[in-house]
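**Q** So the chains spell out like this:
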Amino acid sequence: MIGILKSMATTMKHALDGSTFTVEYPETAPDVSPRFRGVHKFSQERCIWCRQCENVCPNDTIQIVTNDQRQGEQYNLHIGQCIYCRLCEEVCPVDAILLTENFEFTADTKHDFVYNKEQLKAVPWYKDIDPLAAREPDRDAWVGEGEGEVDYQ
Amino acid sequence: MTGTTVAATDAASGLPAVPLQDTVLLPERIGELTGLDGFGLGGELLATFLAAFLIGNLMLAMTGVAGPWAKRKITAAFTDRIAVNRLGPAGLFIIVADSVRLLSKELIIPENADRPAYDLAPIVVAASALLGFAVIPMGSGLHLADPEVGLAYVFAVSGIASLGLVMAGYASANKYSLLGGLRAVAQNIAYEIPLVITGMSVVIFAGTLQMGEIVAAQHETLVEIAGISIPTWYAFVNPFAFVLFLIANFAEVGRNPFDTPEAPTEIVAGYQTEYSSVHFVLIYLGEFLHIFLGGAIIATIFLGGPAGPGPAALGIVWFIIKIWGVFFATQWLRSAVPRVRIDQLIEIGWKGLLVLSFANLILTAVIVGLIA
Amino acid sequence: MSTGLERQPAVEVTEDELEAIVGDRALARDNHLNAPGFVIRPDDVQDVLKDLRDEAGFDHLANLTAQEYPDRYESIYHLRKYADPTQEVSVVVPTTTDEPVSQTAEPVFRTADWHEREAFDLVGIDYEGHPDPRRILLPETWQGHPLSRDYDQEKPQLVTLTEHANPIQPDHHDDESDTMFLNIGPHHPATHGVLHIETVLDGETVVDVDPDIGYLHRCEEQMCQQGTYRHQIMPYPDRWDYVSAGLLNEWAYARVAEDLADIDVPEYAQVIRTMGAELSRIASHMLALATFALDVYGDFTAIFQYGMRDREVVQDILEDLTGQRLMFNYFRLGGVAWDLPEPREEFIEKTRDFLDGLPAKVDEYNDLLTANEIFQIRTHDTGILEPEVAKQYGCTGPVARGSGIDYDLRRDDPYGYYENLEWDVVTKDGCDNYSRVLVRMQEVEESAKIIEQCLDLLEDWPEDERTVQSNVPRTLKPDADTEIYRAVEGAKGELGIYIRADGTDKPGRFKIRSPCFHNLSALPEMAEGEYIPDMIASLGSLDIVLGEVDR
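Residue numbers (this note's numbering), protein chains in the order written: chain A, 20 to 172; chain B, 12 to 383; chain C, 418 to 968.
Calculated directly from the structure, the hints in this document are not laboratory data.
Be careful, since some hints might not be right.
What the hints assert, rightly or not - Here are the in silico distance ranges between beta carbons for each label pair:
hint, chain 1, residue 1, chain 2, residue 2, range
1, A, K140, B, I93, 35 to 41 Å
2, B, V111, A, G37, 52 to 58 Å
3, A, K140, C, R883, 51 to 57 Å
4, C, V624, B, L114, 40 to 46 Å
5, B, N96, C, R883, 22 to 28 Å
6, C, V624, B, K362, 24 to 30 Å
7, B, A128, C, D595, 19 to 25 Å
8, C, D595, B, V366, 44 to 50 Å
Virtual Cβ for every residue (Gly too), placed ideally from N, Cα, C.
Could you build all of it, start to finish, from the sequences and the hints given here?
**A** Now the structure itself:
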């Protein structure tokens, strides 16, 4: 019996201390860490159309269309299909695509989630946090840099 | 349909005892107020219907608050969460929202369900609890009837619920429901006997089965501690019986640690699995009504019914507080105590509680015999 | 807190002794990167495996891979020892393409039962003498074998139900007996995911249990075979055991790929990896405890919510470190993606606060769970899994350690930074649900010890030596026909991956050895003869995650 009474006392303590672990969202917006991987933001000015992001994406979420002179025409990213792994940001040599912390996005149908480059450019920063500032010291950890053998496949 | 006698003068203080029990029962009062008692038997019947309507609504309103709102709030307090707080003041309009939602769901009836039994089972479960409230003295004049076998009536009527459970389990044509129904009836049978026998030990104290008299008999003062007079509530006189009755009551209403008939993680929802919309509402409310009925019985025979400080007109308030106390205890146990397995449950009932309740009965009889 | 069980020192078996045991049944040698391999005939399987088990002591069938080459099919039995997992041997069984029949290994190792069913299901090899040759992951009506070379994705893959058994038809298997057949799941509040258990009940007693898996089969192996080693495979292991054990899964892949391509990991990265993996383990065990409480206590129990609340703190820490709360994608081949977040002191402070609050929480769980008498009578002596039976089924992780088997890959087959840290392996002798719960709770405390030591190391690490990733070429092309099997101690047990490289930058065969798959196959042993509530509690104590069972 003692064990049962101890269990009951433990839950009663929680009931009586009045504090809650949950918050009232959306009035209280949660704090996300600066490294949180949310919706992508694309900058056509920086993009050099190297197609590294398209190649590395694990489930073919990015689609790039260029004309014969290798000038970029379309950059489509299906943010509903994306798994937010951040590999595209990691391999991009010019920081043209990066993942903001923004996780609040809605659409009416799944097809509305295919963002073209204007929509990707218009993605807002979450609470005005620039993710690159949080990751700046680590940008040199980018793969391939250094004295080792590099393979530009 | 006259009422009971009033308790005697308070021995300790010499003041005239505040009558807890009005001599007038509710049907008579309503008859007086509306002038229906001038119409003979028809008028009396109509007044009785009105009284039953009032008490039934009061109980259903309480379950309406308890089910959608209070259960969520209490569970949230135990689990460090904020529960319903958007709709209305402190989230009370969730009751309206939930009722509309539940009643608007599609009524899905399995193909092989045994129709009359399938439809009647929820009604039996809910109605048996409501019937029990007829003889409970709730204070402030809200007492519908006071037969001389009141306590036996309450036990008998609340036992009809097991019939409802087994009907629900068998008629649903679903193996999970069958398992749930069989477990329910095994559990109810096992714990009915300790419940009744412990109730009998209270009857030995009070000397009568009449609910009004039992309440009146608890009005005397047991002892004076620091100026506060502790009344002769049978919970203080015989706490052992009180605990036994509480445990047996939790098993009867199917609450943790004895909620095997509707164990959600084992047999989905037990006997309730195939019920939706109105049927489900009836079973759901019926379950809460049974908890409140159990609380009402405990309040009446162990906690002095509507007794409490203040004028007699506040009796209903104290009564409701006591019922809610029992409800709160069920929610507390639900958050902290695991459920026992069905064979362990039967063992505890037949070997543990039965022996203890018999011992309690014999002990009570001996003590009362010695004192008297 | 190890038990007093003496760890039997394993007898070192040299390669010559292995050759002597296999004898002339070996047609050829086919060495894998970590184990000597012997090619044998399909009808010698049972003899060779039995000899290896009885004479050489290889009592753990870790993995059974099936694959198809242009000219043959192959089943590869990878054996290890519970006493010393660094000793491994592979038995390769080739069969012809037109009639791939091979002898079953089930009489020697019970765990081969489900593995061979999967090999038949996905690749198409028939196992002669198998007691139950049904498909396991794909539905019964599936046509073809997806991982074989001649699988045509354009053709219809299912036949209609009119040509197959109607699943909702009431069927009376045996009108004479008084047992009842009950389908538990796939829609059920207690199966941890979509799991279908076909039970035969005699009253409330369970007579027969047959788990039916495959509802969450997502072709992970095939998807990994279509991704490059360097980058594209790494997000996928997060999704096998998705309940926060993501970093442990990623470590399995990182370990096997690094051993395959001979990549070194800097020491600093190893420390970070160890810390992150142990945080993942804590989160996973919290969830296991919480859902076990749900199974035993019923809904609305407070323990589930407290477990979630505690796990939330771990997820916040991992979010600061990796960027996501559940699907981390943090490890890279050669290290980790990035260093601790700036400012370092804040992150270390936050983790230390969590570790300081952990003993109080564990005490709370003790008050609520282990000290509770009703919980004790529910979980003592239920779900008994004897150690010999567990070894036959290939059970690893807390399930095995709760039966007294002292097997933990972090200590026995060391990787990461574990051998330089002070910690204990927790084993209990009870073999019942209660000991498994206790093992998990105490493992949380051991993980906290490891994290504490890692934090101390990371704090004092000299600033110019903080390399998080070694130099790895952007494309990895391991040599063709190299095969390797490596495992790590995942949250649920030994999570292993077998990779065969075919000279391109994508794996030729990627086979995942899932611990939950093996643990779940032991459920019939644990549940038969007991009551339904005990079976549900046993299922909870196995702590399966369907994402890992079905892949």
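**Q** Mind listing which of the numbered hints don't hold for this structure, in increasing order?
**A** Violated: hints 2, 3, 5 and 8.
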